[in-house]
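Asks: Residue numbers (the numbering used here), protein chains in the order written: chain F, 542 to 1049; chain H, 1128 to 1331.
Think of the hints as simulated: they come from the structure by calculation, not from any bench. Each residue gets a CB set at the ideal place from its N, CA and C atoms; glycine is no exception. Among these hints, one or two may not hold up.
As the list claims (entries may be wrong) - When the alpha-carbon atoms are kept at most 20 Å apart in a straight line, the in silico SDA-like pairs for lysine to any residue are as follows:
no.: 1; chain 1: F; residue 1: LYS756; chain 2: H; residue 2: ARG1290
no.: 2; chain 1: H; residue 1: LYS1242; chain 2: F; residue 2: GLN715
no.: 3; chain 1: F; residue 1: LYS756; chain 2: F; residue 2: ILE605
no.: 4; chain 1: F; residue 1: LYS756; chain 2: H; residue 2: ASN1287
no.: 5; chain 1: F; residue 1: LYS890; chain 2: F; residue 2: VAL810
As the list claims (entries may be wrong) - A few chain H residues facing chain F, derived, Cβ under 7 Å:
no.: 6; residue: CYS1177
no.: 7; residue: PRO1180
no.: 8; residue: THR1195
no.: 9; residue: GLN1216
no.: 10; residue: THR1219
no.: 11; residue: MET1245
no.: 12; residue: ALA1249
no.: 13; residue: PRO1252
no.: 14; residue: LEU1283
no.: 15; residue: ALA1292
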Amino acid sequence: MSSKPSMHHSSATKGFVETDNTEQPIGGRAPLVLNMHRFGEVTHQVCRVAESKPPLAWYVAFVICLGMLGFLGVCVNYLIFTGVGVWGLNNPVMWAYDITNFVFWVGIGHAGTLISAILFLFRQKWRTGINRFAEAMTIFAVICAGLFPGIHVGRVWLAYWLFPLPNSMEMWPQFRSPLLWDVFAVSTYFTVSLVFWYIGMVPDLATLRDRAKGKFQQFAYGLAAIGWRGSMRHWHRYEVAYLLLAALATPLVLSVHSVVSFDFAVSQVPGWHTTIFPPYFVAGAIFSGFAMVVSLAVPARELFGLKDLITLRHLDNMNKIILLTGCMVGYAYSMEFFIAWYSGAMYEKFAFVNRAFGQYWWAYWIMVSCNVITPQLFWFKKVRTSIPLMFILSIFVNVGMWFERFVIIVTSLANDFLPTSWDQFVPTWVDIGTMVGAFGLFGVLFLLFCRYLPMIAIAEVKAVMPEADPHPHAHGAHAHHGGSQEGHGVPSGAMPAFRDPRSSEGQP
Amino acid sequence: MSTLTAPKVDAPSMAPTSAPYGLMAEFRTPAEIMEAAQRVRAAGYRYWDCHVPFPVHGLDKAMGVQRTILPVLVFGAGATGAVVGFCLQAFTNAASFSVWALVWVTGYPFLISGKPLMSVPAWIPVIFELTILLSALSTAGLMLLMNNLPRLSHPLLANNRFRRATDDRFFVVIEARDPKFLRSKTEAFLKSLGASHVEVVEDR
Chain F
542 MSSKPSMHHS SATKGFVETD NTEQPIGGRA PLVLNMHRFG EVTHQVCRVA
592 ESKPPLAWYV AFVICLGMLG FLGVCVNYLI FTGVGVWGLN NPVMWAYDIT
642 NFVFWVGIGH AGTLISAILF LFRQKWRTGI NRFAEAMTIF AVICAGLFPG
692 IHVGRVWLAY WLFPLPNSME MWPQFRSPLL WDVFAVSTYF TVSLVFWYIG
742 MVPDLATLRD RAKGKFQQFA YGLAAIGWRG SMRHWHRYEV AYLLLAALAT
792 PLVLSVHSVV SFDFAVSQVP GWHTTIFPPY FVAGAIFSGF AMVVSLAVPA
842 RELFGLKDLI TLRHLDNMNK IILLTGCMVG YAYSMEFFIA WYSGAMYEKF
892 AFVNRAFGQY WWAYWIMVSC NVITPQLFWF KKVRTSIPLM FILSIFVNVG
942 MWFERFVIIV TSLANDFLPT SWDQFVPTWV DIGTMVGAFG LFGVLFLLFC
992 RYLPMIAIAE VKAVMPEADP HPHAHGAHAH HGGSQEGHGV PSGAMPAFRD
1042 PRSSEGQP
Chain H
1128 MSTLTAPKVD APSMAPTSAP YGLMAEFRTP AEIMEAAQRV RAAGYRYWDC
1178 HVPFPVHGLD KAMGVQRTIL PVLVFGAGAT GAVVGFCLQA FTNAASFSVW
1228 ALVWVTGYPF LISGKPLMSV PAWIPVIFEL TILLSALSTA GLMLLMNNLP
1278 RLSHPLLANN RFRRATDDRF FVVIEARDPK FLRSKTEAFL KSLGASHVEV
1328 VEDR
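Let the hints inform the model, and build the full structure from the sequences given.
Replies: Written out as structure tokens, the structure is:
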């Protein structure tokens, strides 16, 4: 992060003090865009990231991620050509790193749609600064997630059997199985997130098209922008469509991790067979997803000089959500233990005691300390608004959430009903390589996104600036006659207001 | 910042060669375009539009844009998704007849641990996902279709000044095919709205 050559921006200079816009002024709104009052400045701030050469740190990160991605290719090919035996799986522990990584990545993928859909429905305007790259993160995380069940099926070339496709054996998938629900949930989630992301990006791709200097850039961005001209008649349908997509994605995002949790909860393995799983998984997913957004936003705003758009207020808000969902996760952990005791089921009771004090005790306590204790520090505003601290804590949360999935999956399987079949799971180098490689895949996709696409929703940020208000002086008038709707439009059929005579004529 | 200055305008393109696409007026603030839109609408033009870098709140109402029927269509698509989801599972897991779905396919009654063939509660997740999938895809697809997008060439996109419509300028465009369009009169009218610049858009 030491080198920022051409990307340099005034706010990123040495000795820069973060502007604290976390306090809401009385009777007003804390600004979401700092130091900028003209729309062109926002355009320039975001577009120059895609238009100029990235800083050295980008190249370094890209090469590292590319190397990890290459290693992923090695591991996956070795697995396909040899068989799933190259993983450390054994008879009771038939799911381990693969499914842990799958659930981990799907969980990461929840923050993007939460920010873009749920916060949109709740009219949380601060989402505009972070939604674009959180959505991108979602899509790349789901790609990483999809990789694992894909290669886990063993005979990868038959992976299409997951889908109900006509075949010469006249066989069909078993629709009562949660594993099949998972196929539908994750693929629907990926498709809808991709559509949501792309539709949201079209106006900004048009901005990049209209600013592009080179022939190739004009052509590529022009193709991607599909002829968007900012027509208000288009915007009207676009806004309705965006609202509909948000309304559709909201139940979807809550359903996806619920369905993932059914993979476990519908089975009869002690430690998995609990009704708390769906809400607990969803809370955990949002928890880990927001932590990942913070882990990415902190270096990205530093590196690309986006501190005026991703402000301290955005980060503070995200940390509050991490705190909230962290408390939910902590509650779920304790409730699981309580129910295991209260149910009186000996297998259930054993499974939970074994988690905390059995052969995987260390994994359990890493999980508890990272997921339950760490987020509690966000009660302090000093911590919530300290860039280095929030970065470190968000990494802790990511680690903790990976271990949560490991603990749930592996401890429950390794010590199930019959002690004679108990075993231990030890990862092989292929297990670890695939896990590390998935981060490389994620990193490569994310870095390419930062380099070539609008990282921040330009049009949406402009729309939440105070300058975007078409009635800059009408607020007092609104407060008086209350009928703000009338002030906006023209009464149908009647003579329209030219210079808004109503305000001078003193309509009640 | 030097990049904030307006792009250069092709001066020769002002010379009328063929029938123009229309007239374009440039404004600088949301408040200006709002007022201009109200007056263009009041003047009785039909084929005209505002081009703005972000949706200006209330501008569609000021222009008299009718509310789109998109949500109704999406509801239909969602209902279709639910029916498809139910039929897919009922057919593949609980029926034994053949239907033609691009190829002839036969259902396969799946009897697993004595559970009923029509296990409707267990089908809900897939029904739900297909409802969402079809609704979302049709939301995006129909929105683009109704907007006549994708469209890779347009007279406005060939205009250099119009490039700032996606940046920081607000345009009113009145098309030449409008029955009230008279080049000199419309141009004077647009100037009277307080436009910072009025220009002919060639049809190419």
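Asks: Taken at face value, is the distance from the CA of H/ARG1290 to the CA of F/LYS756 at most 20 Å?
Replies: Distance of about 15 Å is within 20 Å: holds.
Asks: Quick check on the hint: H/ALA1292 CB to chain F CB, less than 7 Å?
Replies: holds, 5 Å
Asks: Interface hint check: H/PRO1252, Cβ to nearest Cβ on chain F, cutoff 7 Å. Holds or violated?
Replies: Nearest chain F Cβ about 4 Å off; hint holds.
Asks: How about H/PRO1180: closest beta carbon in chain F under 7 Å, or not?
Replies: Cβ of H/PRO1180 sits 6 Å from chain F, so the hint holds.
Asks: When you check the alpha-carbon spacing of H/LYS1242 and F/GLN715, does it fall within 20 Å?
Replies: holds, 12 Å
Asks: Could you check if H/LEU1283 really has its C-beta closer than 7 Å to a C-beta on chain F?
Replies: Because about 6 Å separates H/LEU1283 from the closest Cβ in chain F, which is inside the 7 Å limit, the hint holds.
Asks: Measure nothing beyond the straight line between the CA atoms of F/LYS890 and F/VAL810; if it is 20 Å or shorter, mark the hint as holding.
Replies: holds, 12 Å
Asks: Closer than 7 Å between Cβ atoms is the bar; does H/CYS1177 clear it against chain F? Give me holds or violated.
Replies: holds, 4 Å
Asks: Going by Cβ atoms only, is H/THR1219 closer than 7 Å to chain F?
Replies: holds, 4 Å
Asks: Classify the hint on H/GLN1216 as holds or violated, based on whether any CB of chain F lies nearer than 7 Å to its CB.
Replies: At about 4 Å, which falls below the 7 Å cut-off, the nearest Cβ of chain F leaves the hint on H/GLN1216 intact, so it holds.
Asks: Tell me if the interface restraint on H/MET1245 is satisfied: Cβ within less than 7 Å of some Cβ in chain F.
Replies: violated, 11 Å
Asks: Any CB of chain F closer than 7 Å to the CB of H/ALA1249?
Replies: Since chain F brings a Cβ to about 4 Å from H/ALA1249, closer than 7 Å, the hint holds.
Hint compliance for this structure: hints 3, 11 are broken, all remaining hints hold.
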